[in-house]
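Colleague: For chain A, the structure is supplied; the task is to place chains B, C and D on it using the hints.
4 protein chains.
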Amino acid sequence: MNFASDNVVGASAPVLEAIVRHNGGAMPAYGADPLTLGLTPRFRTLFEHPDLAVFPVATGTAANALALSVMVPPFGLCLCHEEAHVMEDECGAPEFYTHGAKLHGLPGPGGKIAPDTLDGFLSGLTRHVKQMPPRALTLSQLTESGQVYTVEEISALSRIAHAHGLTVHMDGARFANALQALGCSPAEMTWRAGIDILSFGASKNGALAAEAILVFRSDLAETLEFRRKRAGHILSKGRFLAAQLDAYLADDHWLANAAHANRMAARLAAGLAEIPGLRLAWPVRGNELFPILPAGLDEALRRGGAVYYDWASRSLPAGEMVREGERMIRLITAFSTTEAEVEEFLGLARRAA
Amino acid sequence: MNFASDNVVGASAPVLEAIVRHNGGAMPAYGADPLTLGLTPRFRTLFEHPDLAVFPVATGTAANALALSVMVPPFGLCLCHEEAHVMEDECGAPEFYTHGAKLHGLPGPGGKIAPDTLDGFLSGLTRHVKQMPPRALTLSQLTESGQVYTVEEISALSRIAHAHGLTVHMDGARFANALQALGCSPAEMTWRAGIDILSFGASKNGALAAEAILVFRSDLAETLEFRRKRAGHILSKGRFLAAQLDAYLADDHWLANAAHANRMAARLAAGLAEIPGLRLAWPVRGNELFPILPAGLDEALRRGGAVYYDWASRSLPAGEMVREGERMIRLITAFSTTEAEVEEFLGLARRAA
Amino acid sequence: MNFASDNVVGASAPVLEAIVRHNGGAMPAYGADPLTLGLTPRFRTLFEHPDLAVFPVATGTAANALALSVMVPPFGLCLCHEEAHVMEDECGAPEFYTHGAKLHGLPGPGGKIAPDTLDGFLSGLTRHVKQMPPRALTLSQLTESGQVYTVEEISALSRIAHAHGLTVHMDGARFANALQALGCSPAEMTWRAGIDILSFGASKNGALAAEAILVFRSDLAETLEFRRKRAGHILSKGRFLAAQLDAYLADDHWLANAAHANRMAARLAAGLAEIPGLRLAWPVRGNELFPILPAGLDEALRRGGAVYYDWASRSLPAGEMVREGERMIRLITAFSTTEAEVEEFLGLARRAA
Amino acid sequence: MNFASDNVVGASAPVLEAIVRHNGGAMPAYGADPLTLGLTPRFRTLFEHPDLAVFPVATGTAANALALSVMVPPFGLCLCHEEAHVMEDECGAPEFYTHGAKLHGLPGPGGKIAPDTLDGFLSGLTRHVKQMPPRALTLSQLTESGQVYTVEEISALSRIAHAHGLTVHMDGARFANALQALGCSPAEMTWRAGIDILSFGASKNGALAAEAILVFRSDLAETLEFRRKRAGHILSKGRFLAAQLDAYLADDHWLANAAHANRMAARLAAGLAEIPGLRLAWPVRGNELFPILPAGLDEALRRGGAVYYDWASRSLPAGEMVREGERMIRLITAFSTTEAEVEEFLGLARRAA
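Chains as they are written, first to last, in this note's numbering: chain A, 1 to 353; chain B, 1001 to 1353; chain C, 2001 to 2353; chain D, 3001 to 3353.
Quick caveat, the hints were computed from the structure, so don't treat them as lab data. Certain hints may be false.
Examples of chain A residues toward chain C, derived with CB under 8 Å [what the hints assert, rightly or not]: (1) Asp89; (2) Glu90; (3) Cys91; (4) Gly92; (5) Glu95; (6) Phe96; (7) Lys102; (8) Lys130; (9) Gln131; (10) Met132.
Just a sample of chain B residues kept apart from chain C, beta carbon distances all over 10 Å, derived [what the hints assert, rightly or not]: (11) Asp1033; (12) Arg1042; (13) Ile1292; (14) Ala1300.
Simulated DEER-style distance windows between Cβ atoms [as the list claims (entries may be wrong)]: (15) A/Ala187 / C/Pro2107: 18 to 28 Å; (16) D/Arg3127 / B/Arg1314: 56 to 66 Å; (17) B/Ala1032 / A/Ala300: 21 to 31 Å.
Note that the Cβ used here is the ideal one computed from N, Cα and C, for glycine as well.
One chain only, chain A, in its complex shape (with noise of 0.2 Å):
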């Protein structure tokens, strides 16, 4: 019964045995090899998009802070939620890759942001040396509070963030979750709404350490590898990260680990919907669940061995809060949990209530 995170669990076995078989036998170092370059045809084809540039890294901070990194100069603003990873669990990854640029957080609940509140603040901002420009913009779909931006408004944020001549970055740490909660292709979700540059995430939904920024407009590709290499994020043995990504996306495996995780998500709310006195504090769209327990709940769900993180965030809906005695939590489902662990949970909280 861990729900701490999607990333407490090794790789899935697809992705594991993929290590395993393509482990043998002599291949160029540094991206030379067949599997690295045979991303690329692949995540064209997925993305329905002829030009993207593929670059595999083993964490999604350096495919974030990477990104960036070509988005933003040294003396430019990024955008994002106030309560976004980049902004508040990257140790300033994205500030060291920019060297120096500022992240600047927008307000709003479920950790979106809204087009309206984009637009009030480029509009209002008086243009002087003095102040540094804003270049970027970047959405977390899924947000930090496990929320999902429609296409829509994904399209809304784009438009707005190019009139004013910035590019978009999407943080898909939890792409695959967010695209089987909206339903739609992984282009309707990025390019096609205005998305320059996204980072790909797999480490969350079985792979083992393996990310790709995929780069949209090709003009933005052009430095990322040199700086990928300054950054020592070019495995020497590039066949590790290709092999993941490789099995990660054969035979659908990525969607089928992110229906399950979020299908198990949806099992818990529901389970917990009849849990007096619980309420969500977001409705559930992936596979993250925010509760508000009320009183002894939480020690009792710790004392039955149940695993997850205390939760705060300023960006709870209108009329929303926890009060006295209430204790907001954080649970996380992954492509590895169980029915029989749903139910153990859910059997924990009905006991105690």
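Modeller: Only chains B, C and D this time, still in chain A's reference frame:
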């Protein structure tokens, strides 16, 4: 017959098995897992050092650059051999991680800095605010020419460096091969000889993608974890790095791998010694050979299926040079190199000569 | 009637005369001249501090950013008021000089951080490698709203900051005006109250282009000269900066200038108090006024030739706000402001009201 | 008899008078004043370039480093002569402003890079992501050895650089002296010969602390103002820089100053030619002389009150060297050097010889 590098092959069997074995079940993310925590006592025992700190990363470039980031301030000089990997092959990773420190290359045959050269450079410096002050020395063990610093040489260089206020780093991408060449202990070749931080390489000698930054001076370790996070080099599923390093060290697997690679190199060298008109630029010490081929041999070898790199170097021994028609190449053996491959290569050479 | 800022005028007569007087003859370059060398004993006496180190620069932005560069590592947080000059008006200079540290703004009326706010923030932090650790606090004296920290407040803030391992910087762009407002000694308002580094402003109070970074903790001064050189902030003809600072301090010229500016501000405030419908957003403490004008008055003043800035602030006192039709402006007096200008402005206001 | 450098004296009379003359009255801050605005048309006329952009700064180090910051990305190489000022005397300012780009020094007698040397270097490069790609070339005019590139040489170097995708910078710390030596126009020596950005020096030739970055390619100018602000190099009282540059250019004052300094250098050289055992390392082209003194002369000169620097260089002409007992020194004349000083020095030398 691929002698291009020791990173063109995958992981050794015990390392790969460890990845598979530790894949199942939930473990805390970001290095709080028991496998990662177990690395510290293991390395402390191996290096006979009670306070050593361990920071696993996936690439040698990351290991070197992160190490230097705590040794050299942005305005400082880092001394290295003029053909060092940090100088020539990391696309400016040290400059990126140190925020603009300068690498200053010193000459020397065999890729080695002589103590007198270091002393002369440091003693001859004018100290003015216009000149970047030297703050660190980095030594490559093996060197880019496959040579090895003796323990006495390391001690002499460290003594000079420390006397001038510099810290000393060792780039141990081929640490195990050097250790086998010298027949000394890890402690003797590092901190007992004055090394402050070691990039302990494993990827070239059996791991898939794993290195460890070993810090022997606790004050230098203080900020490294923040810097590692900020660089995107803390894997969320930290078990992947730890499992590799664990298996790499277990049962002296790493030493056996290096001993084998060195033996294959020695065997190659012995065979090549009998080829008329062929000589080695430098003696074989570890797992690297740099033959200077007589006219025509290169073509014959490549036509026969041998894979390797052309080579050029400014640090040939006094009197040595590559003459008109000759060609210098680099051959590297690995833990996985077979006697059959060696014999096939030698047969090819004999027939062509 | 230019009240736009205290930097729209040139140098005061004694400062300008010093530049002219010290122009002739040869002097060593890069700060080795006797004028520059003389600054150290002069500032040490003035601040009653035997070890203080002095680094003259030409701009306040350079002073602040260089000061912070030795206080905050690249991965650290620097706390400041959310409307501080370093946060809003220096185009990311602190981020540039610190190599990507993050400024974190704290709220508070009048541009002041309350000790409780600081304590609450620092005590509430989760300490994890994902979060940038706080390493410095910077206070603006005067604040962006023209308010002044009392010695007791500075002491309380410094005590909290130091207890959490932070160093404390004071942005003294209007140091003299604040000092005159408090009537204390330079030592009392700085190092005796816990300030570690002071940006001692002079350009806004009589100098042409001169500030001094004063470092009260000798360990923090060690690398500043290299950083200053590297930033291009060591003038080759160092006499230019030194002559200004020398004349600025001589015969309490700087105090007289600030006292005059503050007096002019007080006189303006007294006159404005009689204008119906006009009120000040904050009380006048130094040389800055923030009147909230009734409808129509702004146009009349500008038509009459008054020059000043519109203003907006998130740190109005509780209950205060700019109402429909009203307009908030900023007026700044300088050493050169004349009573005639003040009266002309007041006359304009009276006639319009 | 101070021949240490052309920055040991203050400003020339017309420059100083301009500072005084423009000190009074209010002007907008941060470069919006009419004096600063007037620099653009003035420089455009002088350089016969309709789109040239002007960025005044107070130091040559700032001018060079800011110029390079828009020419070289953080992962790029900047080629320069191995003894260039940017390489040896700016404490890593280019590395700081470019966020870690690497300066790569090319050899050549007289501090000059020969077109063949540049071509050979660029054509011989292996292009791999491990190697930092060359992106800019910077030429010093005068060189560190007081030599001058001809217009033809500049054109040849620029053509090669541009053909390889590099931009070209000129460090014109002694631009006026070089211009007088060549007798050509500012346009001919710069953009018509392929220079993309010029550091136009004034401080060494009559200004107190003023240089101008002149950008001949408008795309390179786009971000410079943000970078200048961020570096603390926009003076609030911008009039100070503008007044200097205005007076410097008025009535060909700058050309007269340089012509005088060059004349004094030529006169010194002519006199020294008669001293037995003394020779110049390189011919005198501008205002710098590098005599190789016979044994004993140095002591006699210093005892007699002459001030200058000892010198060492790796770019002596073929066959030249400083022999046992000899000593190489550097003498620099300035706009303010008098014939009396020259004669006094020569008399001293004659008596000692």
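Colleague: So, for every hint listed, does it hold in this structure?
Modeller: Hint check:
The restraint placing aspartate 89 of chain A at the interface with chain C holds, with a minimum CB-CB distance near 4 Å, inside the 8 Å limit. The criterion of a C-beta within 8 Å of any C-beta in chain C is met by glutamate 90 of chain A, whose closest approach is roughly 7 Å, and the hint holds. The beta carbon of cysteine 91 of chain A is positioned within 8 Å of a beta carbon in chain C (closest approach about 6 Å), and the interface hint is therefore held. With a least beta-carbon distance of about 5 Å to chain C, the hint placing glycine 92 of chain A at the interface is held under the 8 Å criterion.
Interface hint at glutamate 95 of chain A: satisfied, since its Cβ lies 4 Å from the closest Cβ of chain C, which is below the 8 Å cut-off. At about 5 Å, the closest approach between the beta carbon of phenylalanine 96 of chain A and any beta carbon in chain C falls short of 8 Å, and the interface hint on this residue holds. Given the 8 Å rule on beta carbons, the hint for lysine 102 of chain A holds: about 6 Å separates it from the nearest Cβ of chain C. Taking 8 Å as the C-beta cut-off, the interface hint given for lysine 130 of chain A holds, the closest approach to chain C being about 4 Å.
Hint on glutamine 131 of chain A holds. Least Cβ distance to chain C is approximately 7 Å, under the 8 Å limit. Interface restraint check for methionine 132 of chain A: the shortest CB-CB distance to chain C comes to about 5 Å, inside 8 Å, so the restraint holds. Here aspartate 1033 of chain B stays apart from chain C, with its beta-carbon at least about 14 Å from theirs, past the 10 Å limit. Non-interface status of arginine 1042 of chain B relative to chain C is upheld: no Cβ of that chain comes within 10 Å, the nearest being about 22 Å off.
Every C-beta of chain C lies more than 10 Å from that of isoleucine 1292 of chain B, the closest at about 44 Å, which supports listing it as non-interface. Look at alanine 1300 of chain B: its CB is around 53 Å from the nearest CB on chain C, clear of 10 Å, so calling it non-interface holds up. Against the hinted window of 18 to 28 Å, the Cβ-Cβ separation of alanine 187 of chain A and proline 2107 of chain C comes to about 43 Å, which falls outside the hint. Checking the proposed 56 to 66 Å range against arginine 3127 of chain D and arginine 1314 of chain B shows it is violated: the Cβ atoms sit about 20 Å from each other.
For alanine 1032 of chain B and alanine 300 of chain A, the hinted distance range of 21 to 31 Å is satisfied, since their beta carbons lie about 25 Å from each other.
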